[in-house]
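*Asks:* Going down the list, the sequences are from chains A and B. Using my numbering, you'd call the opening residue of the first sequence number 1 and step up by one each time. Using my numbering, you'd call the opening residue of the second sequence number 200 and step up by one each time.
Calculated from the structure, these hints are not laboratory results. Watch out, some of these pointers could steer you wrong.
[Stated by the list, open to error] Among the chain B residues that face chain A by a calculated CB cut under 7 Å, a handful are:
| # | residue |
| --- | --- |
| 1 | 244 |
| 2 | 359 |
| 3 | 363 |
| 4 | 376 |
| 5 | 379 |
| 6 | 388 |
Using N, Cα and C, we set each Cβ at its ideal position, and we do this for glycine too.
Number of protein chains: 2
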Amino acid sequence: METPGLLIVISGPSGAGKGTLCKMLREAMPELEYSVSVTTRAPRIGEVEGVNYYYVDKATFERMIENDELLEWAKVYDNYYGTPKKKVLEHIKQGKDIILEIDIQGAMNIKKQYPQGVFIFIVPPSIKELEERITKRGTDSAETIRKRLSCASEELSYVSEYDYVIVNDTLENAIEKLKAVIIAEKCRPQRKKLEGFCE
Amino acid sequence: METPGLLIVISGPSGAGKGTLCKMLREAMPELEYSVSVTTRAPRIGEVEGVNYYYVDKATFERMIENDELLEWAKVYDNYYGTPKKKVLEHIKQGKDIILEIDIQGAMNIKKQYPQGVFIFIVPPSIKELEERITKRGTDSAETIRKRLSCASEELSYVSEYDYVIVNDTLENAIEKLKAVIIAEKCRPQRKKLEGFCE
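Take the sequences, apply the hints, and build the full model.
*Replies:* See below:
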């Protein structure tokens, strides 16, 4: 039997830089698989169907919930977000490592079902920096920004639920740490078979 | 109060390549501290007092045991090996990370006293490879080699007691993994303080 792949959950408050880090990780470790989430929110400028998300309407999403096609789902800022189950489980079974970039609610739901996953929390260096990043991105309304910031402080209290916390001070530092966590987790003895030794 | 440093224990069967890896780690991560063990065994050619070991006679070692000056000690192949306590605890308290390169017995003793340490098991790719390495090193008698090899199989059963296992297939791979483990462990949430966030 194949050693199962890692389920690697990358999470953290909105604006912490999860998206940019995952993009860099794709280049740095091309052997990793990525789960594409499904959402009812409208695509942001530059986002691509099937790459950033699968974009569906509310009725379709609710049908997926009913048919148990989602590993987890959550309603955040009036939109649904979810992780299609089938592909994730297939990859892990085949021994491939798969990245899930999801919000904190989603991560906590995954943890309940799959505690042997690797849970990584990305945080901005400070709340002030977070506000600047979200504002600069220019994709969110003032109301959304206010909502996100008031959530962020609360969200940070989840840090102890995670296996690792990476402070995204510079992208260079953060990507080095992210890579290190993945390499290290592959050295866990329970994930290893030692070849050629008597049992 | 300073966040305590990591106590990083690098262990594994004799001939797995611990020594060479630790030497490379010194260059790769010069900020790490190293614990120098004390032993009653004779220096090998090229070994330096205070760098590889502190070399003492049996009476001195036994006095150190009595005076509780050792964090752990063990008798292996008719020689005493031990870890001087004072320096290790001082470094950790000051927030510095310290490497202990010790045999498996020693590592297990440390684990009992300091389970929050990071325990890394270095293994050769196979028993055959291990035999070749010990023989090639040319520093051990035939009798010692025989003893070491018969121990190695038994020693490998300790792998599940460790946090990480690194197969030393090539030095390049192994050092990358060793560095990754240290970087990753510094991202553990219990080792972090998040600055500038409301509690």
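*Asks:* Evaluate each hint against the coordinates.
*Replies:* Structure-based check of all given hints:
For residue 244 of chain B, the shortest C-beta to C-beta distance to chain A is roughly 30 Å, which exceeds 7 Å, and the interface hint is violated. For residue 359 of chain B, the interface hint holds, the least distance from its beta-carbon to any beta-carbon of chain A being 5 Å, beneath 7 Å. The beta carbon of residue 363 of chain B is positioned within 7 Å of a beta carbon in chain A (closest approach about 4 Å), and the interface hint is therefore held. Interface hint status for residue 376 of chain B: upheld, as the beta-carbon distance to the closest one in chain A is roughly 5 Å, under 7 Å.
With 7 Å as the threshold, the beta carbon of residue 379 of chain B comes within range of chain A, its nearest partner Cβ sitting at about 4 Å, so the hint holds. Nearest Cβ of chain A to the Cβ of residue 388 of chain B: about 5 Å, under the 7 Å cut. The hint holds.
In this structure, only the earlier hint numbered 1 is contradicted, and the remaining ones agree with it.
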